[in-house]
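Residue numbers (the numbering used here), protein chains in the order written: chain G, 32 to 320; chain B, 18 to 388; chain H, 225 to 640; chain A, 11 to 319.
Calculated from the structure, these hints are not laboratory results.
Think of the CB as a built atom: it goes at the ideal place given N, C-alpha and C, for glycine as much as any other residue.
Be careful, since some hints might not be right.
[Said to hold, decoys possible] Here are the simulated DSSO-like cross-link-like pairs (lysine-lysine), alpha carbons at most 30 Å apart as the crow flies:
#, chain 1, residue 1, chain 2, residue 2
1, H, K376, H, K577
2, G, K95, H, K279
3, H, K376, A, K39
4, H, K528, H, K332
5, G, K174, H, K320
6, B, K120, A, K39
7, G, K95, H, K320
8, H, K279, G, K118
9, H, K528, G, K174
10, H, K621, G, K174
11, H, K621, A, K161
12, B, K92, A, K39
13, B, K149, G, K307
[What the hints assert, rightly or not] Okay, the calculated bits of chain A under chain H, using three or more residues with CB under 8 Å as the criterion:
#, stretch
14, 81 to 92
15, 97 to 105
16, 168 to 180
17, 273 to 284
Chain residues, written in single-letter form:
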Amino acid sequence: MASHAEKKLTPSRILIYATLLLACVAYLIPVFIMIITSFKTTGDIRSGNLMSFPEVWSVDAWIKAWSSACTGVQCNGVSGFFWNSIKMAVPAVLISTALGAINGYVLAKWRFRGSDIFFSLLLFGCFLPFQVILLPMAATLGKMGLANTTTGLVIVHVVYGVAFTTLFFRNFYVGVPDALIKAARLDGAGFVTIFVRILLPMSVPIIMVCIIWQFTQIWNDFLFGVVFASGDSQPITVGLNNLVNTSTGVKEYNVDMAAAMIAALPTLVVYVLAGKYFIRGLTSGAVKG
Amino acid sequence: MAQLQLKGIRKTYGNAVQETLKGIDINIESGEFLILVGPSGCGKSTLMNSIAGLETVTEGSILIDGRDVTHAEPKDRDIAMVFQSYALYPTMTVRENIAFGLKIRRMPKEEIDAEVARVAKLLQIEPLLDRKPSQLSGGQQQRVAMGRALARRPKLYLFDEPLSNLDAKLRVEMRTEIKRLHQRLGTTIVYVTHDQIEAMTLADRIAVIKDGELLQLGSPKEIYERPSCRYVASFIGSPAMSFIPLKVERDGGNLRASLRSADDDQMYVPLPEKLAAYEGKEIHLGIRPEHITQPLAHKAGQEATSSGKFRIEVTEPTGPDVMALIRINDTEVHCRLDPDHTVDPGEPAELMIDLSRAIYFEAGKEARIDV
Amino acid sequence: MKPIRHLLAAIGLSFVLSPAHAGQVEVLHWWTSGGEAKAMGVLKEMMEEQGHTWKDFAVAGGGGEAAMTVLKTRAVSGNPPAAAQIKGHDIQEWAKLGFLTNLDDVAKEEKWDQVLPPIVSDIMKYEGHYVAVPVNVHRVNWLWVNPDVFKKVGVEVPHTWDEFFEVADKIKAAGIIPLAHGGQAWQDATVFEAVALAELGPKDYTAAFVNHDMDVLSGPKMVEALTKFHKIRDYIDPNAVGRDWNVATKMVINGDAAMQIMGDWAKGEFTAADKVAGKDYECVPAPGTEGSFTFNIDSLAMFKLNNEANEKAQMDLARTILRPKFQTIFNKAKGSIPVRTDVDMASFDDCAKASMKAFKATAENGGLVPSMAHGMATTSAVQGQIFDVITNFFNTKDADPEATAKQLASAVQSAL
Amino acid sequence: MAHSGVVSETTSQPARGRLTQRLQQWLPKLALAPTAAMALVGIYGFMFWTGVLSFTGSTFLPSYEFVGFDQYVRLFGNARWLTACTNLAIFGFLFIFCCLAIGCFLAILLDQRIRNEGVIRTIYLYPLALSMIVTGTVWQWILNPSLGLEKLMHDWGWTSFQFDWLTNPNMVIYTIVIAAVWQASGFVMALFLAGLRGIDPAIINAARVDGASLPRIYLRIVLPSMRPVFFSSVMVLAHIAIKSFDLVMAMTSGGPGYASDLPAMFMYSFTFTRGQMGLGAASSIMMLAMLLAILVPYLYSELRGQRNG
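Required output: the full structure, derived from the provided sequences and hints.
Here it is, written out as structure tokens:
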């Protein structure tokens with residue numbers, strides 16, 4: 032990257048900065064509203080407006096959302112759902128990323144007759160509307176004895192996530208010089224050794240992209256969660272939905288917003304902490320045609 | 018060191034119509050430095066990859082020291098290769114890069130250390146051992162790539178345009194270094210390049226390949242002086258050989274041809290008797306720049322030399338010589354002049370043509386006429 | 225390794241300790257709003273008292289749309305819950321596909337045939353066998369009224385649609401929203417159903433929505449019903465879109481709105497806000513439907529299981545649901561009336577008492593009709609087609625009632 | 011080179027090698043096998059099954075009584091389906107166009123050696139981290155006339171301000187565009203920024219020397235060279251658009267009426283809540299057909315392009 036040469040503040044640069052800041056505000060407002068609302072009391076919400084700060088900053092809504100808000104009959108907040116999501120997301124992300132890496136490696140560096148067609152067919156999987164597969168997938172999982180288990184849910188996420196991870200890794204590995212593979216083969220390395228010793232250590236940027244992407248997708252998924260998870264293994268999105276829809280007349284917007292923030296927090300943290308790796312990974316080849 | 022035999026190598030990709038290699042036969046002696054030259058896309062890289070086992074051949078066989086390795090895995094062929102892009106493993110240090118192949122072959126650690134040390138000393142890269150490839154200059158990377166190849170002491174070395182990514186000065190240095198290594202270690206080397214100077218300076222023998230066919234295999238001198246065809250003749254040598262169309266005539270007992278300058282001055286040159294069959298026909302005369310010079314005292318009066326006046330169109334001083342462009346029989350012809358002997362562009366000059374090294378081609382045909 | 229061993233030990237222990245006959249009931253439902261959830265909590269407690277484990281499987285939102293999706297995938301995967309909230313025609317569909325278990329033993333033991341009105345038990349039976357347990361009876365055609373608002377504006381509670389529009393104009397002029405409404409398809413249909421019942425009368429209502437008589441569906445009475453229905457648009461606030469029904473009820477409770485047309489589950493919201501029927505709020509039949517009763521019966525269908533202990537728990541669940549004790553507690557919390565006609569109504573509020581009275585009376589005089597908006601009258605396919613036409617009509621500014629009536633008939637035809 | 015794989019396709023000549031050697035040859039294919047199996051069943055098997063269902067009279071649960079093209083005929087006679095398709099066209103076009111325009115514009119601005127670029131980038135990107143359910147809920151709140159923007163403006167004294175798109179059947183689809191663009195444009199920005207960083211600065215310098223102005227350089231030189239990024243973005247956005255479900259569900263549930271219905275919602279509701287599984291299956295096959303119409307030309311150019319490159 033070019034060095035950050037100090038540029039003079041010409042009128043055009045002021046305009047650029049102003050535009051960028053305006054965009055920042057536009058992007059931030061919804062979450063700003065969520066956050067201030069979650070710290071308001073019920074009375075505050077009624078008296079104030081969307082953008083007004085809470086009169087008293089209160090964490091009650093957060094505590095309630097976490098541990099005592101009702102989601103259906105149970106009133107234990109979303110904490111249980113939160114851990115379910117983690118139990119589901121972590122293995123699903125790891126498995127789909129690993130499979131994607133292997134597939135990408137083969138499709139980029141060990142092409143064989145039909146491998147391009149295989150890739151195209153797999154890519155199509157990225158675009159499949161998921162409602163289509165609910166029933167047949169349920170029947171299949173049932174036959175495998177995995178219906179309504181976290182394992183089953185993990186499998187579903189892997190099946191429909193692997194197309195994307197494969198795409199990412201393949202595009203990345205296409206950019207790795209073939210000579211490197213040739214050199215390793217002459218050095219006596221085989222299929223597995225080349226992958227583990229040469230390519231994987233280089234793949235950190237794309238692994239980051241994959242993990243971030245997959246984690247977001249899987250964590251935020253609602254459809255599979257509601258359909259393929261049973262009562263006590265439902266993920267946070269389902270918990271959030273139940274919480275928002277469980278109300279006694281007054282909508283407790285502050286609790287809803289706090290719960291929404293809790294649901295969004297892990298992915299937000301990932302983006303804020305690892306966003307730069309995401310961009311860096313994209314730069315290093317994930318988006319090339 | 019090893020001997021390499023290529024027998025009738027043919028290669029067709031997938032469902033391609035055109036063959037990439039059309040039956041290549043080469044024997045490479047132990048300790049020999051063979052250079053494959055040819056234009057890009059001629060199949061020389063495919064041939065190289067086939068020798069390495071990185072690609073399978075469609076037909077033919079490859080023997081190393083008499084052992085058929087046509088279907089052996091690359092790692093079982095005991096070959097090392099240096100790539101144009103160096104192909105250093107970016108996440109490993111120089112030391113690890115050199116040691117990688119040895120580790121894979123489960124060499125004991127002490128031996129690996131000793132081998133790395135030996136190679137590092139040989140190539141003078143000891144201070145670099147703990148750096149990553151990205152921290153090295155192009156020339157240093159090139160050395161490391163060679164070091165990696167040398168570390169395993171393989172039977173055969175393959176160099177795939179190893180100097181193309183270096184700047185001109187470094188290229189000359191490294192060229193010398195490779196030559197020195199070869200002389201010192203006596204290794205068998207197959208070396209691909211499209212740089213004909215590298216080919217001339219390094220090779221024991223040169224194989225010129227075009228369109229998947231081996232056009233000529235021979236020592237640099239043979240290739241230069243006795244090119245088998247018009248393509249080889251024009252490919253080797255810089256500036257390239259000039260081809261002058263001329264008509265074979267008989268004047269009394271001798272065969273001759275007329276050369277016409279741009280100013281319509283005419284002169285006659287004698288032709289060898291073996292061209293008798295072409296009397297009255299047009300043939301092409303191939304002549305290298307160094308055989309058209311200012312009149313040289315020691316050559317004057319020799320049978321094959323003749324002199325005439327030609328107008329100099331362009332001059333290009335190179336330091337040791339001045340390259341000049343003249344026009345003979347409406348064809349541009351390069352000649353090499355003495356820089357001390359000033360000529361001015363646009364002015365006529367007296368030039369001597371030495372036909373003793375000239376070669377002849379039938380008009381419109383590739384093959385050389387044997388004279 | 226240690227924690228795992230502890231965990232295993234704990235699991236083993238829990239098996240040993242739990243009573244041999246105790247099973248687990250997994251109940252899929254979408255009773256997640258305040259009153260409903262509380263009512264469901266009662267059932268949970270009663271099952272736990274019997275030593276069974278309650279596995280709550282709540283799928284909130286969309287009036288059960290999500291829950292139905294989940295149920296279907298669970299059934300297809302061969303792993304249905306013990307009981308699921310299924311009602312009306314859907315019970316027959318599920319039974320036809322062979323998913324439901326036979327409850328005749330429990331029914332005989334508990335004398336269900338004697339205590340349930342036939343119109344209820346018919347819905348619960350498939351080919352003469354009980355496959356589902358009714359939980360409650362809702363009256364849908366209620367008009368909920370905030371008397372303070374009426375007093376303030378100085379108008380009387382309306383009993384016909386003409387009165388309604390007259391009153392609504394005055395309330396609107398006073399700056400109060402006349403009708404609290406949530407712009408969701410089923411709420412639109414709930415209001416439409418009330419208007420249609422008033423215009424068509426119970427006989428033609430049944431002809432149109434149960435027997436799908438095309439002449440009635442596209443007839444002049446239907447056009448009139450649609451015209452009135454469309455006029456209601458003027459008396460709801462523009463923010464009704466997507467609003468949940470209980471939020472709308474809250475508007476009546478707070479006095480932001482004067483009335484709401486909604487089933488008696490709305491009462492749960494009033495109760496939860498500590499409001500007393502007859503004093504803080506009033507319930508009257510929706511305009512023009514005094515002598516009729518649009519019923520909506522919630523029921524739990526019981527699925528075939530393959531675990532004996534769980535089956536036992538399932539039967540206990542069925543038994544418990546129809547016991548007077550649960551019927552009383554549950555229906556008081558939910559706002560509905562018991563399905564058993566022999567339950568003592570003394571402890572119920574005025575609205576429930578009135579509802580029970582009307583239920584019994586209309587069962588005699590033919591005014592008892594199934595609710596189209598709540599899946600009692602017809603298949604979900606036909607219901608969906610009606611919803612589409614109705615909601616689109618209601619949300620289009622200058623819609624043509626006559627064309628819509630024709631459209632309604634053809635939409636129903638297409639789903640038959 | 012005409013062939014870019016490291017290993018050429020296996021030629022007709024069989025390997026005469028030992029077992030391990032043959033294993034090495036089969037390893038790549040073996041490594042793909044789990045994914046191939048998953049795709050075969052999970053994508054194509056299920057797709058085929060759905061295709062079969064679309065020719066049956068399935069109502070409540072799958073049945074196999076075939077009715078020919080009846081379901082398709084009914085589908086195209088259904089006013090709601092036509093609304094859903096029209097909405098998808100409007101939504102898809104505006105969503106993709108706005109995301110590209112905004113994303114590209116912000117990326118170019120960010121590429122001007124901005125201080126705190128990292129922070130700004132993260133701000134633009136973070137909406138992607140939120141689930142559509144959360145986005146929908148928040149935007150529903152902001153756009154709701156009695157709670158959100160309109161009330162805010164009124165509170166601030168601008169009483170004539172009116173913004174009732176959420177409740178206006180003719181405008182509601184645009185509110186979904188707003189929310190969707192808010193969520194996805196940052197991602198497009200990231201893609202474009204990545205693309206911009208890959209461009210050789212020498213090209214820009216060359217254009218500068220030629221005297222081209224900065225906007226002109228971007229318009230004429232930089233953007234045309236970002237074709238691959240452009241394509242990737244369109245693909246990602248198109249697939250978000252066609253699959254849009256959670257967002258509509260959370261924001262409008264398809265309302266008012268069914269004014270903001272989209273094909274994914276239509277399919278879901280007919281298959282699962284309406285008991286018209288055959289019709290739902292037919293609608294999903296139509297969705298797949300739309301996808302194919304977009305995807306096939308892309309994949310064709312993509313893979314052909316790579317073979318040439």
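For the pair supplied as a hint, K621(H) and K161(A), is the alpha-carbon distance within the 30 Å limit?
-> 24 Å, holds
Between K149(B) and K307(G), is the straight-line Cα distance small enough, at 30 Å or below?
-> Measuring from Cα to Cα gives roughly 24 Å; hence the hint holds.
Taking 30 Å as the top limit, are the C-alpha atoms of K174(G) and K320(H) close enough?
-> 22 Å, holds
Is the hinted pair K95(G) and K320(H) satisfied, with a Cα-Cα distance of at most 30 Å?
-> Roughly 44 Å separates the two Cα atoms, so the pair is violated.
Coverage of the stretch 81 to 92 of chain A by chain H, judged on three or more residues with CB within 8 Å | holds (count 5)
When you check the alpha-carbon spacing of K528(H) and K174(G), does it fall within 30 Å?
-> 17 Å, holds
Hinted pair K621(H) and K174(G), Cα distance within 30 Å | Given that 30 Å is the threshold and the Cα spacing comes to 51 Å, the pair is violated.
Annotated coverage of the stretch 97 to 105 of chain A by chain H, confirmed only when three residues or more have a Cβ within 8 Å = violated (count 0)
Are the Cα positions of K376(H) and K39(A) separated by 30 Å at most?
-> 80 Å, violated
Do three or more residues of the stretch 273 to 284 of chain A come closer than 8 Å to chain H, measuring C-beta to C-beta?
-> holds (count 6)
Satisfaction of hint between K332(H) and K528(H), Cα-Cα up to 30 Å = Between K528(H) and K332(H) the Cα gap is close to 19 Å, so the pair holds against 30 Å.
Given coverage of the stretch 168 to 180 of chain A by chain H, tested with a Cβ cutoff of 8 Å and a minimum of 3 residues = This one holds; 4 residues, not fewer than the three required, reach chain H with a Cβ under 8 Å.
The structure shown violates the earlier hints numbered 3, 7, 10, 15.
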